[in-house]
Amino acid sequence: MRAPDTAPRARVGDVLLSVEDVSLSFGGVKAISGVSFDIRQGEIRAIIGPNGAGKTSMLNVINGFYHPQQGRITFKGRTRAKMRPYEAAYGGIARTFQNVALFRGMSALDNIMAGRTLKMNVNFFWQLLRYGPAMREEVEHRRVVEEIIDFLKIQEIRRTPVGRLPYGLQKRVELGRALAMQPELLLLDEPMAGMNLEEKEDMSRFILDVNEYYGTTIALIEHDMGVVMDLSDRVVVLDHGIKIADGTPDEVKRDQAVIDAYLGVAH
Amino acid sequence: MKVRQVIMGVACAGLVATAIYASKAQAADDIYVPLFTYRTGPYANSGIPIANGMHDYLTMLNERDGGIGGVKLNVEECETGYDTKKGVECWESVKSKNPTVVNPFSTGITLQLIPKASVDKIPILSMAYGLSAAAVGKDFPWVFNPPATYWDGLSMIIKYIGEKEGGLAKLKGKTIGYIFLDAGYGREPIPLLEQLAKDYGFNVKLYPVAGKEMQDQSSQWLSVRRDRPNWMVMWGWGAMNPTAVKRASENGYPMDHFIGVWWSGSDDDARGGGKAAKGYLALNFSGLGSNYPAIQDIKKYVVDKGKSQVEKDKFADTFYNRGVYNTVLVAEAIRNAQKLTGKKVVVGEDVRRGLETLHITEARWKELGFPGFAGPLTGISCADHSGHQGAYMQQWDGDKWVKVSNLIEPMKDKVEPLLQDAAKEYVDKATGWPKRTEACDKAM
Amino acid sequence: MDILYSIFIDPFVQMAQAPDLFVQTLWDGLVGGMLYALIALGFVLIFKASGVFNFAQGIMVVFAALTLVGLHDAGVPAFLALLITIAVMFALAFTVERVVLRPLVNQPDIILFMATFGITYFLIGFGEYVFGGDPKVMPVEDFGLEKGAYNIKMLGGLVSLQKLDIVAVIVASAMVAGLGVFFSKTRIGRALRAVADSHSAALSVGISLEQIWVIVWFAAGLVALVTGIFWGARSDVSFALEVIALKALPVLILGGFTSIPGAIAGGLIIGVGEKLAEFYWGPLVGGGTDAWFAYVIALVFLLFRPQGLFGEKIIERI
Amino acid sequence: MFYREAGQFKTSYASDQAIFPILQDRIGIAVILVAAFSLPLYANDFILNAVMIPFLIFALASIGLNLLTGYTGQLSLGTGAFMGVGAYACYKLTSIWPDVNIIVWVICSGFFAAGVGAIFGLPSLRIKGFYLAIATLAAQFFLEWCFIRIAWLYNYNISGAIEVPQRTVLGVIVTGPRATSETRYIVVLAIVVAMTWIASNLMHGRIGRTWMAVRDMDIAAELMGIRLLPTKLMAFAVSSFYCGVAGALMVFLWYGGAEPAVFNINQSFTILFMIIIGGLGSLLGAYLGAALIYILPIVLRFVPEWLGIPIHAATVEHITFMIVGVLIVFFLIVEPAGLARLWSIGKQKLRVWPFPY
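Chains as they are written, first to last, in my numbering: chain E, 1 to 267; chain U, 1 to 444; chain G, 1 to 318; chain B, 1 to 357.
Fair warning: there could be bad hints in the mix.
Taking lysine to aspartate or glutamate pairs in the DMTMM-like style, the calculated list, with each CA pair at most 20 Å apart, reads [said to hold, decoys possible]: (1) 435(U) / 425(U); (2) 163(G) / 250(U); (3) 138(U) / 413(U); (4) 278(U) / 146(G); (5) 400(U) / 134(G); (6) 10(B) / 146(E).
I should point out that these hints are in silico values taken from the structure, not numbers from a laboratory. Computed from a predicted model, the values in this text were never measured in an experiment.
Using the sequences plus the hints, can you model the full thing?
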């Protein structure tokens, strides 16, 4: 794993996405209240917090699945109060899910190919014939997908329906599907939950490589503190829907509120 | 795994065997009479007694006379369930076995089969149902609908109402309600009804009953209560009939002002209403009860020997006798065909000629063992495939049907132009409809 | 203008002019709705406890009624026939659980739904094979029920209430109340609710899933029997009755799939709604609207309140 | 033994993306096609008219429903009505413009069905599963009522039914009573094969993947940029297009006429059975299901005759009902994914033979 004392990376750029004063509630139950933070171009940003802190809700707000009652989200310079999920996807936000949300009836290859949907645009007529432009497009995207498959080292399971894959591999395919969208911002919801040490190390390596290789900005939720501290450039800590800390891993680690609410109590 | 493969194997083998079997030609030493029947499905209550009547009469001819003209009848039922799809399938499956005549017993199936009849050379006998326009023999040489069409039936009912009101002129200003099965069958009489309304100055109220709703009908009868028509006329079938009779009596409609067509007058139709249905009227053209020598023969040769499916207490009820009537026509047509051709074993083309020369006088009915069973059937010719014979009115007395009128003749002058128009329209729309080439035989 | 008048004004004028007919329409709708509700109740019982959308409920109504009438016609005394029919419904529930549900446990909903189609087909064939396809008259008098009607003079006209309909409404209400008590007060009832909430939770408190399935299918069978008796008395007992069961589906949409009061409220809304629509507005389009009106109400309703009248708003999680 | 892929190497992504990547499969399909197109040479009228033509038409309708229910996960009970829309559209088109090639009209009628299907697909944005199924029932019953009530649809025929007029294509009579069963069979077969090929193209490409994505996990699909409403509406439209063409074929090349009852709810149920038994999300399954549900009862009708058992036609019907019911349950228990899965398991076994796994 990467040493924690590496100098701040020069690759980190301007603010890519900023969340301002966002509140979200479900019929009286507050999930998030007044949270603000930002994500910079090229960084790995972790969102942590105890169970029920509103982390997944936060991701759902970012990619438009939940609509906050209050607050604003600015992505690539455009501010929106509300955003449809597909708009987020068009804008370049991809994500993986806490409980694997793969298309279970399809093969690993098709799942990742499905991630290319946004980039494909040959019209319906050629699709009917599966000939000419449609076939060329199919092959062209297959090439991109094969690169991802090579990158994630899942060549042998290409044709396997994902429902039959072990959990660790499913997570990997899901990452592949998100990567296929070639996102600017990649949201990972507990990418290492339920994995053994070896799988975690593999996954961490993939995340770092994605970040370095493709220059993708990453926001991730993770429970394993070691992983979070090693991977991320900056960490935001939520508790009961409120932001209690924000900073580099070292700052957060020393923050008393965090220690009280989370590190000290929960672990 | 084994079980699955075995099953698939059996299914495949079955399919192949069907192919082989179906392609085998029928041995031609008997007269093949297929009966399209429905003892299943929502219309089974009307279908079962008719199927029994048809089956039993023909079986009786086999048992008593050894068939017709010394040739055994090969009677075979094909279950349609009143479903067009199965009806067409039945047609295809009997087609290669030299059928003499097909009785579809469903207006829907008849409509599908009419175009096929002339191509496959199989006559269709749609006895008082099907396409009214098919009575025009010039355009429909292969289709027969004796003894009367729906339009004849409607005109008889209007005539009867006129009689009760004291003359057709008295109909002016009266309201006649028409409750009908919302399908081709129930809709067909409407043009004539509207025309008669214009001619005689009465008003018409329509109450359609969707096939799916036929066991409910409460909204229709509520509307009847509101509109208070002086008379109600019904074109119902299957489970629609008993429900309508019940609703009418529940809503206090005077039952003796409620008249059904001949397909709404079975014993089961009225029985559900019980005593309250007393007074309900319906047209009929076949005899009531078992008091005819031939019906007694059916009992003796078929029912008592356990060769029939009829329940004892439903023997010789209205629709059973209707089925018998239907097969008397079939048997007569076969006899005619044998005489015309000199052949013993006749096929569809021969029987078409036999049907065109159908001529059953009162004396002939008696000869057949049915004295007074039905009115004479003497109007059929090459031009007229229906005959426009009269029918009588029967009334439910709480337990059984009773004949309450003499034969009522249809208003032929009103019906005939409509028939000609309808036939012309049909032929015009069906591009390439074949011209009649079949020669005309002299009646015997 | 005329058309607007006949849509928006004339029907109400008619209601005011003939209030007796209006009351009669309401009553007929109420009775029809109660019977729809009874069928819907059968659906709800099974759906609540096993998550199975039981398409066979309609044919169970016919089958129960046929068994009863068939036995009676064969000379079995009325109440003995009733007992035997109840036993038959139990046997049916038991067989369904053993042969169909148990091997299919943990399959997706659609598979179980399809399996109930299989049951429907089997029961149609079996019922017709045993009892024949001809309609049978429900011997209501032998069960101590009276035919005939109370004709009440009111509002300048006559409103007639069929005695059988009154009994139907009372029995249906009693059954609903009884089932409500059963679900909230008794041990088995609470167990059923536990199953509805979570199968594993039910197993962990020691309730056998198999038993519960037999019980709910049996209960649905009893509801079917009662429904069959009253529908059978209104028309005849025949296989054509089966299609009426489809009317219970829009009722379920309105009421929600798991709510017993919802089934009743939905039934009444559909029953009254379709009668009023057919009676006052039907003539404008040539009548026969009751074939689809209920479904269109359900469709429109779904667009605004997908969770049904009594359901809770669903929050999608991921 | 003969079913091996060893030695067949893919040298391009194009050949690896082919629909039948394995040589033996391609040979098999070719053999079946040749056999199917040459069937009129050795089959009689009954086989063509009462078995093969209906089977192909049902297979097409099943493909239509399968596109919607099997591939996109939207349960529909309105298939019968959508078939009706196709049939009536075709009837109107050919009566208004009788000189246009009837096959063109059969295909065009699909567009009308597609339009109607898309309208009734609108609720699918808000509702799913059984709820949606009941919403499609509204389509079924409302359209059925329209077929009876709007006399314009059946050219004001007094019988309320439509009768297929005679139409010729290149001098050959294709519709109407005088069209031979061979001609009609070949026309139906050609259309069904072509449309199956197109459906297979669609399902193997981007559109198929988006549909299956919506089916398997609609929320994830939406978060990946797949817009749910257009996707579902397109599925409704394409599915109804197939059903519409199947309906037009049914009336014009099989029945030769129709009354509204032909398109009733039972038709919808029958086709739903076919895809469930055959296998959801499988084109092969549509064929297998149609074969089992349609052809099996016909076979059952003949069984007592072969065995020489005297048995009433009605009893056969009852027993058929029971057997079909039992078979539905049996297949669901043995293989809930349908006959198509059985087939692919069998193929897999062949592939690895002689090893069990």
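Legend entry - 20 Å Cα cutoff - pair residue 138(U), residue 413(U): 19 Å, holds
Inset, instruction - Decide if the proposed pair is consistent with the structure: residue 400(U) and residue 134(G), CA atoms, cutoff 20 Å inclusive. - result: Roughly 18 Å between the alpha carbons, so the hint for residue 400(U) and residue 134(G) holds.
Legend entry - Agreement of residue 435(U) and residue 425(U) with the hint, judged by alpha carbon distance not exceeding 20 Å: Measuring from Cα to Cα gives roughly 14 Å; hence the hint holds.
Inset, instruction - Verify the proposed pairing of residue 10(B) with residue 146(E), using a straight-line Cα cut of 20 Å. - result: Since the Cα atoms of residue 10(B) and residue 146(E) sit roughly 14 Å apart, the hinted pair holds (cutoff 20 Å).
Legend entry - Proposed proximity, residue 250(U) with residue 163(G) (alpha carbon, max 20 Å): 11 Å, holds
Inset, instruction - Verify the proposed pairing of residue 278(U) with residue 146(G), using a straight-line Cα cut of 20 Å. - result: Since the Cα atoms of residue 278(U) and residue 146(G) sit roughly 19 Å apart, the hinted pair holds (cutoff 20 Å).
In the structure shown, no violation is registered for any of the earlier numbered hints.
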